[in-house]
Amino acid sequence: MSSARALSLAAMSRLSWRYLWRNYRRTSIMLLAIGVGVWAMIFMTALMRGMVDQMVADGIDALPGLVQVHDPAFRDDPSIENSMPPPGPALRAALESPPVEAWTRRVKVPAMISSERNTRGVTLLGVDPAGEIALGFDPASIVEGRFLESLDDRGLVVGQKLLERLETELGKRVVVMSQDPDNNVADRGFRIVGVFEAKLSAQEERQIYAGLATTQALLSMGEQISEIAVTGGDYRDVTALESRARDAAGSRFEVLPWTELDRYLGLMLGVMDGFVLIWVVVIFLALSFGLANTLMMAVFERVREIGLMQALGMKPAAILYQILIESVMLLLLGLLLGNLLAIASVLPIRDGIDLSMVAEGVEMFGASSTLYPALKAKDLVMANAVVIVLGILTSLLPAWRASQYRPVEAIART
Amino acid sequence: MPSIICNDLCKTYRQGDAVIKALDHVTLEIEPGSFICLSGPSGSGKTTLLNMIGGLDELDSGEISIDGQRVDQLSKGPLADLRLHHIGFVFQAYNLIPVLSARENVEFVMQIQGMPARERKRMSTAILKEVGLEGMEDRRPAQLSGGQQQRVAVARAIVSQPKLVLADEPTANLDSVSAEHLMELFRELNENHGVTFLISTHDERVMRYARRLIRMQDGKVIADESQNND
Numbered sequence: 000m001s002s003a004r005a006l007s008l009a010a011m012s013r014l015s016w017r018y019l020w021r022n023y024r025r026t027s028i029m030l031l032a033i034g035v036g037v038w039a040m041i042f043m044t045a046l047m048r049g050m051v052d053q054m055v056a057d058g059i060d061a062l063p064g065l066v067q068v069h070d071p072a073f074r075d076d077p078s079i080e081n082s083m084p085p086p087g088p089a090l091r092a093a094l095e096s097p098p099v100e101a102w103t104r105r106v107k108v109p110a111m112i113s114s115e116r117n118t119r120g121v122t123l124l125g126v127d128p129a130g131e132i133a134l135g136f137d138p139a140s141i142v143e144g145r146f147l148e149s150l151d152d153r154g155l156v157v158g159q160k161l162l163e164r165l166e167t168e169l170g171k172r173v174v175v176m177s178q179d180p181d182n183n184v185a186d187r188g189f190r191i192v193g194v195f196e197a198k199l200s201a202q203e204e205r206q207i208y209a210g211l212a213t214t215q216a217l218l219s220m221g222e223q224i225s226e227i228a229v230t231g232g233d234y235r236d237v238t239a240l241e242s243r244a245r246d247a248a249g250s251r252f253e254v255l256p257w258t259e260l261d262r263y264l265g266l267m268l269g270v271m272d273g274f275v276l277i278w279v280v281v282i283f284l285a286l287s288f289g290l291a292n293t294l295m296m297a298v299f300e301r302v303r304e305i306g307l308m309q310a311l312g313m314k315p316a317a318i319l320y321q322i323l324i325e326s327v328m329l330l331l332l333g334l335l336l337g338n339l340l341a342i343a344s345v346l347p348i349r350d351g352i353d354l355s356m357v358a359e360g361v362e363m364f365g366a367s368s369t370l371y372p373a374l375k376a377k378d379l380v381m382a383n384a385v386v387i388v389l390g391i392l393t394s395l396l397p398a399w400r401a402s403q404y405r406p407v408e409a410i411a412r413t
Numbered sequence: 000m001p002s003i004i005c006n007d008l009c010k011t012y013r014q015g016d017a018v019i020k021a022l023d024h025v026t027l028e029i030e031p032g033s034f035i036c037l038s039g040p041s042g043s044g045k046t047t048l049l050n051m052i053g054g055l056d057e058l059d060s061g062e063i064s065i066d067g068q069r070v071d072q073l074s075k076g077p078l079a080d081l082r083l084h085h086i087g088f089v090f091q092a093y094n095l096i097p098v099l100s101a102r103e104n105v106e107f108v109m110q111i112q113g114m115p116a117r118e119r120k121r122m123s124t125a126i127l128k129e130v131g132l133e134g135m136e137d138r139r140p141a142q143l144s145g146g147q148q149q150r151v152a153v154a155r156a157i158v159s160q161p162k163l164v165l166a167d168e169p170t171a172n173l174d175s176v177s178a179e180h181l182m183e184l185f186r187e188l189n190e191n192h193g194v195t196f197l198i199s200t201h202d203e204r205v206m207r208y209a210r211r212l213i214r215m216q217d218g219k220v221i222a223d224e225s226q227n228n229d
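Residue numbers (numbering that gives the first Met the number 0), protein chains in the order written: chain C, 0 to 413; chain G, 0 to 229.
You may find that some hints are simply not true.
If you anchor each label on the Cβ, the simulated ranges turn out as follows [as the list claims (entries may be wrong)]:
| id | chain 1 | residue 1 | chain 2 | residue 2 | range |
| --- | --- | --- | --- | --- | --- |
| 1 | C | Ile-387 | G | Asp-137 | 52 to 62 Å |
| 2 | C | Leu-31 | G | Lys-128 | 39 to 49 Å |
| 3 | C | Ile-387 | G | Asp-16 | 25 to 35 Å |
| 4 | C | Ala-411 | G | Arg-117 | 32 to 42 Å |
| 5 | G | Arg-139 | C | Leu-276 | 41 to 51 Å |
| 6 | G | Gln-14 | C | Met-295 | 48 to 58 Å |
| 7 | C | Leu-284 | G | Gly-134 | 47 to 57 Å |
| 8 | G | His-192 | C | Leu-31 | 49 to 59 Å |
| 9 | G | Arg-139 | C | Met-295 | 23 to 33 Å |
Calculated directly from the structure, the hints in this document are not laboratory data. Idealized CB from N, CA, C, for every residue including glycine.
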């Protein structure tokens, strides 16, 4: 029987544990270093992940929907000419069952809005208020007045920033002007019935909401719409949702997931996963020098004992395993400490950190002013796995060196 | 039972520019059940010879075989197995594992051999009592005196009754009573269990126990004589 097998895992573990605490100061310092490193990996990842999640969620709310159906030319030229008919019975039936959780139809055209003082270019959204709320419009974001109440609501809801730019206020009338299908100017006076705040300032400044039927009447477009927005399930996997919409809509229409509709957002999500891995590995690299040094020192100070163990019949493989077990124990304790620290850091701020002091800055790249840390199981698993796997690899060198001593030379060391 | 044949052993060490002949064409045969002392001044090659026979060091030239097995041709793994199952070592400087208690040090070899825990405990208790360390089983080496540590080292070397014990100055750090007691223990193992002892020593008291005395100088065997010690 080989000594590596015969010296049971329990016996090796006991030996490793005692060696680990032989120099408790050095072990404690290394544990602290690993713990802080792991904390940084997990905590910072949770913050970054939370920021990106929030950006994606806000972006999807602004689109809105995880999947949209358009006329194929609409995205290049979002004008009334590229509208589409309302969903037929087959598409409606497909949109009323899982994985679809909610859907809505909208008119979306470029328009001009004029107050008595200013004129701005905006996107006029003719919406079904109930559908819009189901797709992510938050009624609580209405800071003055009310949201639209019906398809033929005659009021207009504008963003807080746009209101300021127009130098007007709730209850006043504005004129909205666009083009009808015959390229004639279509305009109409609206009373501002609601003012909303958005997480993205661009949305606040550029989007105005009117009732769907009212907008269709203004633009003389009958029952035509610009898009159908669909939501349901996890935003990370919209394959089923996209397939359902594509099958039901047919080849006449373009069906696109949110990652295509807003490529910047889709890219952010992909980049984030890669970035988290790089971040975790970079932190580990910094840690690995300390870990390797600690193990080297631990080996160096007991060369004589390693030689003795070999003289007593312990095989080189068993010496290697024993040092590796010691390293794994150190890593596991460090991971435990780091994970606990990270969880303890995230829990108190799970309801969000107010970044309003720098909100203007973060909004430039689409983030909101409140940051919600997102502690994901997969990030925890990745950080822990990277530390364990790379930690063991880092430990291989000192462990291998320990196993290669010649007993007589090792025993002669003082 | 080991029959040890050393044929024309040579080993040199470098010390700066100087080349030291630790073993200079040493040839020996050791019968099973022998009780042999190696004597000679420091640097005469006693420890080197023990290390070579125990497979702890590599020869420059020559052959060593134990029971027909060429020790000098074994790789690290089989050498470790040979030491584990057939050879017990007693070093001059105790060489205990400092993070293990006296009992755990004694049980270490048996543990590697895969002996069941109950059997290990029974044997370690008995041997520690035999070497006069009853009641000190749970003490770490740092809590034992030099003599007590050496007795733990001896207990570890003989507890699994190896066929060959290589002891390098085993009494060097023991008082006369302890040294006497240790040598009696060696003799008992040799006579009743046929364990072969090869002991390097300067100690005349130890030499008296030997049935064969090999004197070394400058890496050579200068005398090899039997002696009656009954």
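Verification of the hints:
no.: 1; hint: Ile-387(C) / Asp-137(G): 52 to 62 Å; verdict: violated, 34 Å
no.: 2; hint: Leu-31(C) / Lys-128(G): 39 to 49 Å; verdict: holds, 45 Å
no.: 3; hint: Ile-387(C) / Asp-16(G): 25 to 35 Å; verdict: violated, 49 Å
no.: 4; hint: Ala-411(C) / Arg-117(G): 32 to 42 Å; verdict: holds, 37 Å
no.: 5; hint: Arg-139(G) / Leu-276(C): 41 to 51 Å; verdict: holds, 45 Å
no.: 6; hint: Gln-14(G) / Met-295(C): 48 to 58 Å; verdict: violated, 27 Å
no.: 7; hint: Leu-284(C) / Gly-134(G): 47 to 57 Å; verdict: holds, 52 Å
no.: 8; hint: His-192(G) / Leu-31(C): 49 to 59 Å; verdict: holds, 53 Å
no.: 9; hint: Arg-139(G) / Met-295(C): 23 to 33 Å; verdict: holds, 25 Å
The structure fails hints 1, 3 and 6 (numbered hints given earlier, in ascending order).
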